[in-house]
Amino acid sequence: MERTRITLAMDNAMIGKKVQLNGWLRTKRESKGGFSFLEINDGSSLSNIQIIADNTLSNYEDVIRKLTTGCSLTVTGILHPSPGKGQLVELHAESINVVGQADSSFPIQKKRHSLEYLREMAHLRTRTNTFGALARIRNSLSWAIHSFFQARGFLYLHTPIITTSDCEGAGSLFHVTTLNLNQLPLETIKTDSETKKESSPIPDKQVDFSKD
Numbered sequence: 601m602e603r604t605r606i607t608l609a610m611d612n613a614m615i616g617k618k619v620q621l622n623g624w625l626r627t628k629r630e631s632k633g634g635f636s637f638l639e640i641n642d643g644s645s646l647s648n649i650q651i652i653a654d655n656t657l658s659n660y661e662d663v664i665r666k667l668t669t670g671c672s673l674t675v676t677g678i679l680h681p682s683p684g685k686g687q688l689v690e691l692h693a694e695s696i697n698v699v700g701q702a703d704s705s706f707p708i709q710k711k712r713h714s715l716e717y718l719r720e721m722a723h724l725r726t727r728t729n730t731f732g733a734l735a736r737i738r739n740s741l742s743w744a745i746h747s748f749f750q751a752r753g754f755l756y757l758h759t760p761i762i763t764t765s766d767c768e769g770a771g772s773l774f775h776v777t778t779l780n781l782n783q784l785p786l787e788t789i790k791t792d793s794e795t796k797k798e799s800s801p802i803p804d805k806q807v808d809f810s811k812d
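Heads up: the sequence shown is residues 601 to 812, going by this note's numbering.
Calculated from the structure, these hints are not laboratory results.
Keep in mind that a hint or two might mislead.
Said to hold, decoys possible - The list that follows gives simulated cross-link-like pairs (lysine-lysine, DSSO-like), each with its CA atoms no further than 30 angstroms apart:
id, residue 1, residue 2
1, K711, K628
2, K811, K685
3, K632, K618
4, K685, K617
5, K811, K710
Unchecked claim - Derived Cβ-Cβ restraints for the label pairs, each shown as a range:
id, residue 1, residue 2, range
6, A744, S658, 42 to 52 angstroms
7, N697, K617, 14 to 24 angstroms
8, T674, N729, 46 to 56 angstroms
Where is the CB? At the ideal position from N, CA and C, for every residue including glycine.
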């Protein structure tokens with residue numbers, strides 16, 4: 601069965617259809633009625649989709665009840681109208697398979713995380729609504745700019761990038777300054793075979809770079 605993206609599944613036109621959803625678990629809570637509510641997301645939408653996992657599922661006790669935030673799941677079931685507020689549909693699961701486990705130390709939890717904390721989780725922060733929203737805004741802006749210029753016959757070229765980061769020595773290719781190069785000190789650098797002078801300007805205490 602082919603996968604359906606969550607953003608497409610959350611539509612009234614999909615009600616009554618059997619679909620397969622792939623995504624990571626955002627939240628899980630158990631009901632006293634003998635079933636669990638799961639919310640998963642695959643990145644195609646900021647909103648999660650709710651999964652109803654009944655205790656009649658063959659792996660309910662051994663697998664589903666032990667799921668933790670961050671687990672990657674494949675869920676197959678029927679889409680039904682949702683009685684809950686803020687969601688059009690919910691999926692009544694017929695099968696839930698764990699593709700990848702995540703233990704309780706998974707760093708992205710349901711609670712709100714500070715930007716300082718997320719800065720240290722570059723590989724996972726796109727799973728949060730904050731960075732998901734920013735990525736969508738940047739995508740829309742880029743698409744609009746490219747469409748505008750492409751429609752007018754412009755070509756997109758990758759021009760050299762001026763950056764303050766020195767990656768693997770490439771930053772010594774050239775220096776950018778508005779100061780007079782002839783009045784700046786020379787840097788003496790050592791190579792494997794000799795010592796030579798480089799004519800590019802370098803930061804120096806005697807140079808007032810605030811005027812640059």
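Exercise for review: Note whether the CB distance of N697 and K617 lies within 14 to 24 angstroms or breaks it.
Suggested key: Cβ of N697 to Cβ of K617: about 20 angstroms, so the range 14 to 24 angstroms holds.
Check your understanding: Does the Cβ-Cβ separation between A744 and S658 fall within 42 to 52 angstroms?
Key -> holds (49 angstroms)
Check your understanding: Holds or violated: are the alpha carbons of K811 and K710 at most 30 angstroms from each other?
Key -> It is violated: about 48 angstroms lies between the C-alpha atoms, which goes past 30 angstroms.
Review point. K632 and K618: Cα distance at most 30 angstroms?
Key: holds (27 angstroms)
Practice item. Given the hint of 46 to 56 angstroms, check if T674 and N729 actually sit that far apart at their C-beta atoms. Key: For T674 and N729 the Cβ distance comes to about 23 angstroms; the hint is violated.
Point to revise | Restraint status (C-alpha distance of K685 to K617 at most 30 angstroms) | key: Distance of about 21 angstroms is within 30 angstroms: holds.
Exercise for review: Verify the proposed pairing of K811 with K685, using a straight-line Cα cut of 30 angstroms.
Suggested key: violated (59 angstroms)
Check your understanding: Do the alpha carbons of K711 and K628 lie within 30 angstroms of each other, as the hint requires?
Key -> Distance of about 13 angstroms is within 30 angstroms: holds.
Checked against the numbered hints given earlier, this structure breaks hints 2, 5 and 8; the rest are met.
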